Amino acid sequence: MKLRSALISGLFAAAVLAGSPACAQEQARGDQGEARREAQAGTIMRSGEIEARILPTMRDAEYLGFAYDSTARAYRLKFIKDGRVTYVDVDARTGRIIGRSR
Numbered sequence: 000m001k002l003r004s005a006l007i008s009g010l011f012a013a014a015v016l017a018g019s020p021a022c023a024q025e026q027a028r029g030d031q032g033e034a035r036r037e038a039q040a041g042t043i044m045r046s047g048e049i050e051a052r053i054l055p056t057m058r059d060a061e062y063l064g065f066a067y068d069s070t071a072r073a074y075r076l077k078f079i080k081d082g083r084v085t086y087v088d089v090d091a092r093t094g095r096i097i098g099r100s101r
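Under numbering that gives the first Met the number 0, think of the first position of the sequence shown as 0, with each following residue one higher.
Treat the hints with care, as some may be off.
Label pairs and their calculated CB-CB ranges [unchecked claim]:
hint: 1; residue 1: ALA40; residue 2: GLY82; range: 38 to 48 Å
hint: 2; residue 1: ARG36; residue 2: ASP59; range: 32 to 42 Å
hint: 3; residue 1: LEU54; residue 2: ASP30; range: 17 to 27 Å
hint: 4; residue 1: ARG52; residue 2: GLY29; range: 22 to 32 Å
hint: 5; residue 1: GLN39; residue 2: ILE96; range: 20 to 30 Å
hint: 6; residue 1: GLY82; residue 2: GLN39; range: 32 to 42 Å
It is worth saying that the hints were derived from the structure and are not from the lab.
A quick note: this is a predicted structure, and the numbers were derived from the prediction, not measured.
Ideal Cβ placement from N, Cα and C applies to all residues, glycine included.
Given the sequences, and given the hints that come with them, work out the whole structure.
Here it is in structure tokens:
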């Protein structure tokens with residue numbers, strides 16, 4: 000009985016975890032589409048404009064890319080230097096840095 004319960008719990012956990020990446024990927028695609036629409040409408044800056052402002056300030060780190068958060072209306076740029084990842088959060092409307100984290 001315990002084995003059956005453990006097996007069912009394991010299968011349930013696997014099913015939940017298997018659905019998570021797909022859900023996260025859908026959210027990322029939705030945010031990218033939202034960023035495109037908002038940039039075309041002129042309510043936020045385009046990603047290229049943000050990169051042009053921020054990359055020179057991180058010249059000693061390798062740029063890995065960005066993500067857009069439509070809820071926060073912010074870009075998160077990802078950099079790596081000496082094996083350490085740094086995230087730079089940027090207000091998509093103004094281009095101002097609003098946070099850094101490692």
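Using the beta carbons of LEU54 and ASP30, state whether their distance is inside 17 to 27 Å or not.
-> holds (21 Å)
Would you say the C-beta atoms of GLN39 and ILE96 sit inside 20 to 30 Å of each other?
-> Given range 20 to 30 Å: holds, Cβ gap about 24 Å.
For the range 22 to 32 Å, tell me whether the beta carbons of ARG52 and GLY29 fit it or not.
-> holds (25 Å)
Does the Cβ distance between GLY82 and GLN39 fall inside 32 to 42 Å?
-> Hint holds: Cβ distance 38 Å, inside 32 to 42 Å.
Pairwise beta carbon distance, ARG36 to ASP59, judged against the given window 32 to 42 Å | Given a distance of about 34 Å, which is inside 32 to 42 Å, the answer is holds.
Is the hinted range of 38 to 48 Å satisfied by the C-beta distance from ALA40 to GLY82?
-> With Cβ atoms ~40 Å apart, the hint holds.
When each numbered hint is compared with the structure, no violation occurs for any of them.
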